Amino acid sequence: MKTFEPTLFEKSRPGRQGTMPPETDCPAVQPEELLPAGMLRKAPPALPELSELDVLRHFTRLSQLNFSVDTHFYPLGSCTMKYNPRVNEKAATLPGFAAIHPLQPESTVQGALALMSSLQDCLAEITGMDAITLQPSAGAHGEITALFMISRYFRDKGEKRTRVLVPDSSHGTNPASAALAGFEVVTIPSNAEGGVDLEALRANLDANVACLMLTNPSTLGLFETGIEEIASLVHEAGGLLYYDGANMNALMGLVRPGDMGFDLVHLNLHKTFSTPHGGGGPGSGPVGARGELVHYLPGPRVVQDGQTFRTEVPGHSIGRVRTFWGNFLVLVRAYAYIRTHGSQGLQDVSRAAVLAANYMRVRLQGHFDLPYQGTCMHEFVLSARNLKTARGVRATDVAKRLLDFGFHSPTIYFPLIVEEALMIEPTETESLETMDAFIEAMRTLAEEDPQTLHDAPQTRPVGRLDETQAARKPVLAWPE
Amino acid sequence: MSYLPHTQADREHMLEVVGVPSVEDLFASIPPALRLGRDLCLPEALTEHDLLEHLGQMASRNQEATRSSFLGAGAYQHFVPTLVETVTSRSEFLTAYTPYQAEASQGTLQAIFEFQTMICRLTGMDVANASVYDGGTAATDAVLMALAQTRRPKVLVSRGVHPHTRGILATYLAAGGGVVEEIPLRDGRTEIPQVGSDVAAVVIQVPNFLGQVEDGPALCQAARQAGALAIVAVNDPVSLAVLEAPGAYGADLVCGEAQPVGLPLSFGGPYVGFLAARKDLLRRMPGRLVGLTADGQGRRGFCLTLQAREQHIRREKASSNICSNQGLCALAVTVHLALLGPEGLRRAALGSMSSAAYAAGRLAQVPGFSLVFSGPGFHEFVLRCPVPPEQLLQGLAERGILGGYALGRDYPELADSLLVCCTELNRRQDVEGLALELEALVQASVEVTP
Ligand SMILES: Cc1ncc(COP(=O)(O)O)c(C=O)c1O
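Protein chains in written order, with the numbering used here: chain A, 1 to 480; chain B, 481 to 930.
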């Protein structure tokens with residue numbers, strides 16, 4: 001395999017051409033006739049010039065430099081890198097979904113609105129919420145949507161609540177979203193078992209607290225056993241409880257955030273509901289709400305009116321958080337996934353995900369530290385601190401060496417409360433043989449000579465990259 | 481149906497290793513009172529065959545946009561080469577995560593670097609990021625950067641900016657502080673505003689929502705003279721083949737929607753927002769940035785860089801909360817622009833302008849219809865109608881035509897007008913069809929209302 005691929009700009013040759021758009025038969029106009037001189041482009045944008053085969057080869061070669069779920073085990077904790085069913089991809093390319101304009105008359109898109117309405121109902125049932133918005137484009141976008149709702153809700157109630165609590169194990173987007181929504185962020189420490197420290201929580205709960213953002217199972221992969229008490233403490237203080245649904249893959253059909261006492265929820269359709277991650281996105285982060293909060297959801301939302309579907313802006317809506325309706329073709333895929341599984345199927349998914357994670361945990365624990373003992377949910381967090389102390393081998397070294405063994409690395413250095421964290425999430429779609437091979441690789445590398453680990457990876461197109469140099473003298477575009 | 485690979489024997493083996501008698505025991509830490517204890521009320525599971533049939537039925541209840549569509553308003557139907565989907569459906573791009581492990585993600589990283597480069601070259605800016613959610617959130621990000629950079633409280637936003645974008649901006653600024661003031665339009669173009677010393681940014685869109693090409697240099701100058709940042713939003717990057725790069729006429733930040741260059745209409749998403757800036761604003765950029773570097777042996781490589789801005793490092797002090805972006809859509813745009821090159825993009829732009837100019841002339845000849853604005857345009861124009869536009873759109877839809885966008889919802893002063901869009905895909909025959917149907921619909925409505 002070729003491992004070096006020049007950029008498009010290096011391959012470009014003046015006068016070479018790929019595809020041409022069709023030509024209209026309307027009389028040709030010249031830009032000079034229609035546009036003022038000051039707004040006329042002087043020099044054409046320096047886009048690369050390549051043939052169609054050049055372009056195809058370029059991107060095919062680039063693709064071969066990647067690891068992906070379809071080619072490699074990808075146990076990236078918190079990211080739920082499960083199999084992305086291809087029938088869902090096919091669904092998303094149906095012209096009746098892919099070739100409709102977002103602003104067509106509602107009478108001409110009843111199928112799309114029906115799908116969205118049905119997906120809203122499914123997600124409300126899965127989360128135990130009263131209503132769902134499909135507008136947010138990712139998990140973090142869902143978080144900030146919910147925080148805007150919380151902010152507006154308390155303003156309408158005449159309460160000035162300025163603070164948002166987040167556990168120290170929370171994902172970085174939680175505090176970042178809260179700050180962006182105008183809240184002051186207060187970090188709550190975890191207790192020895194990895195749960196929310198109730199004393200610290202009590203000490204920080206007062207009439208200034210708007211909400212507690214919680215991930216359950218937590219980012220340690222542990223179910224928050226004190227959730228009932230946490231919920232009543234937060235509610236007694238007049239605050240709201242927000243559910244970061246990134247880890248919903250552990251609980252589908254078994255426990256619902258609404259039944260745990262959560263008031264608002266976001267889901268990551270690109271994790272739990274199998275929509276492909278695309279090397280960074282697109283995702284989708286629907287938000288669910290209960291009780292009075294449903295009136296604050298972003299609008300427009302889809303509503304059913306007898307046999308027809310239309311859109312409506314909720315009464316106290318915070319307004320829009322993005323253009324049009326959301327990442328519709330991602331919604332199509334998630335809907336297909338839910339329809340493939342039904343209630344029993346989704347429960348089976350969560351059970352299998354939890355069983356797989358526990359199997360890997362047990363088989364890896366003597367070889368790496370397991371800072372939080374006991375049964376995990378769909379993922380678990382090891383620590384490489386034993387290797388670091390004994391032989392100077394760090395979590396990064398483990399991650400890079402795994403690439404040589406043909407496995408993507410776990411999530412590393414997150415959650416922040418675990419030193420040298422290795423967060424492993426196998427998902428339900430990996431076979432026993434694959435998990436065993438990964439376990440074998442982890443056990444092997446744990447015994448290897450430290451230099452081999454420091455020098456890894458040796459089998460990839462590039463070795464470890466100089467990130468300091470990249471940040472110190474940023475080159476973010478190919479020079480013209 | 482399920483995608484689980486575990487056999488009964490596998491499950492038993494795993495349980496034995498874990499040391500519990502049943503899977504249920506793994507959920508023992510959950511308080512029993514919280515357990516659902518019933519099935520979810522979901523529609524029954526479908527086999528692959530039945531699922532496709534069901535989705536096919538749903539899809540068939542939607543009327544596809546064809547050459548007879550004249551609907552734009554922020555989502556544009558241009559030609560997309562076959563190869564775009566060929567590339568974006570490749571497993572190695574489709575099913576990878578964010579490229580945290582650079583050595584196992586050089587394909588994704590280099591493609592993003594190429595995307596960043598193309599956005600810089602189109603917009604005439606120094607730096608661009610790896611994408612944000614859509615054109616609307618891109619503009620919001622640009623405004624948030626300007627508020628932070630200038631520490632001033634106010635933004636002036638043209639009434640010619642897409643109404644959805646203005647809506648998103650209002651939502652974000654309502655919670656986080658910051659005041660939005662609207663700059664009015666005159667003859668469909670943004671008036672040159674008085675920019676006070678409390679203004680962080682002036683935001684315009686080119687061409688604006690009503691299809692008019694703004695006086696970019698004058699508006700940017702008005703902002704910069706007052707120490708505010710000039711933000712230019714671009715709704716259709718195809719226009720940048722013929723319209724000056726905003727960076728060349730003084731923009732500090734350029735944001736926009738890249739759907740028109742490589743993505744299908746998709747009922748509004750997933751699309752892809754882009755954000756480009758002058759070099760000195762780099763450290764305020766939201767989201768992923770890919771940089772060029774080398775490994776220990778001097779081999780060239782790409783990696784995520786300047787991550788100290790981002791939420792996973794900085795938490796509440798991050799420049800933004802964005803994590804997942806629109807990566808695969810950015811890849812589609814990169815492939816599309818590589819296939820078109822400067823000449824193909826120019827062809828699409830000229831075709832769009834030609835169709836729109838022809839349609840504007842032809843539709844203004846239909847009795848009762850007239851053009852509202854006379855300024856320079858690109859591929860959209862506003863058409864005054866003798867009967868309510870919503871009524872016309874409904875009638876046209878029944879004849880398989882998407883006639884445009886009724887402006888009354890967002891611009892009450894244009895309640896009698898339609899926003900009509902053409903691209904290189906619309907032919908004379910399609911325009912003629914629209915003209916004849918409009919005439920017939922008006923005729924019919926005159927007949928029923930004596
Ligand atoms: C626990 C948790 N919360 C929130 C997020 C943010 O989701 P997204 O990347 O979709 O914005 C993630 C994903 O990385 C996550 O793992």
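Derived by calculation from the structure, the hints in this document are not laboratory data. In this text the structure is predicted, and so the values were computed from the model without any measurement. We put the beta carbon where it would ideally sit given N, CA and C, even for glycine. Wrong hints could be hidden among the right ones.
[Unchecked claim] Residues from chain B shown here face chain A by an in silico Cβ test under 10 Å; the list is partial:
no.: 1; residue: P579
no.: 2; residue: Y580
no.: 3; residue: R601
no.: 4; residue: H816
no.: 5; residue: F853
no.: 6; residue: E917
[As the list claims (entries may be wrong)] Capping the alpha-carbon separation at 25 Å, the derived lysine-lysine pairs in BS3-like fashion look like this:
no.: 7; chain 1: B; residue 1: K759; chain 2: A; residue 2: K473
no.: 8; chain 1: B; residue 1: K634; chain 2: B; residue 2: K797
no.: 9; chain 1: B; residue 1: K759; chain 2: B; residue 2: K634
no.: 10; chain 1: B; residue 1: K759; chain 2: A; residue 2: K160
no.: 11; chain 1: A; residue 1: K473; chain 2: B; residue 2: K634
no.: 12; chain 1: A; residue 1: K160; chain 2: B; residue 2: K797
no.: 13; chain 1: A; residue 1: K42; chain 2: B; residue 2: K759
no.: 14; chain 1: B; residue 1: K759; chain 2: B; residue 2: K797
[As the list claims (entries may be wrong)] Okay, the calculated bits of chain B under chain A, using three or more residues with CB under 8 Å as the criterion:
no.: 15; segment: 547-559
no.: 16; segment: 582-594
no.: 17; segment: 667-681
no.: 18; segment: 705-711
no.: 19; segment: 774-786
no.: 20; segment: 889-901
Hint by hint, here is what the structure shows:
no., hint, in the structure
1, P579, "holds, 7 Å"
2, Y580, "holds, 8 Å"
3, R601, "holds, 5 Å"
4, H816, "holds, 9 Å"
5, F853, "violated, 13 Å"
6, E917, "violated, 15 Å"
7, B:K759 to A:K473, "holds, 12 Å"
8, B:K634 to B:K797, "holds, 22 Å"
9, B:K759 to B:K634, "holds, 23 Å"
10, B:K759 to A:K160, "violated, 39 Å"
11, A:K473 to B:K634, "violated, 33 Å"
12, A:K160 to B:K797, "holds, 22 Å"
13, A:K42 to B:K759, "holds, 22 Å"
14, B:K759 to B:K797, "holds, 21 Å"
15, 547-559, "holds (count 8)"
16, 582-594, "holds (count 12)"
17, 667-681, "violated (count 0)"
18, 705-711, "violated (count 0)"
19, 774-786, "holds (count 11)"
20, 889-901, "violated (count 0)"
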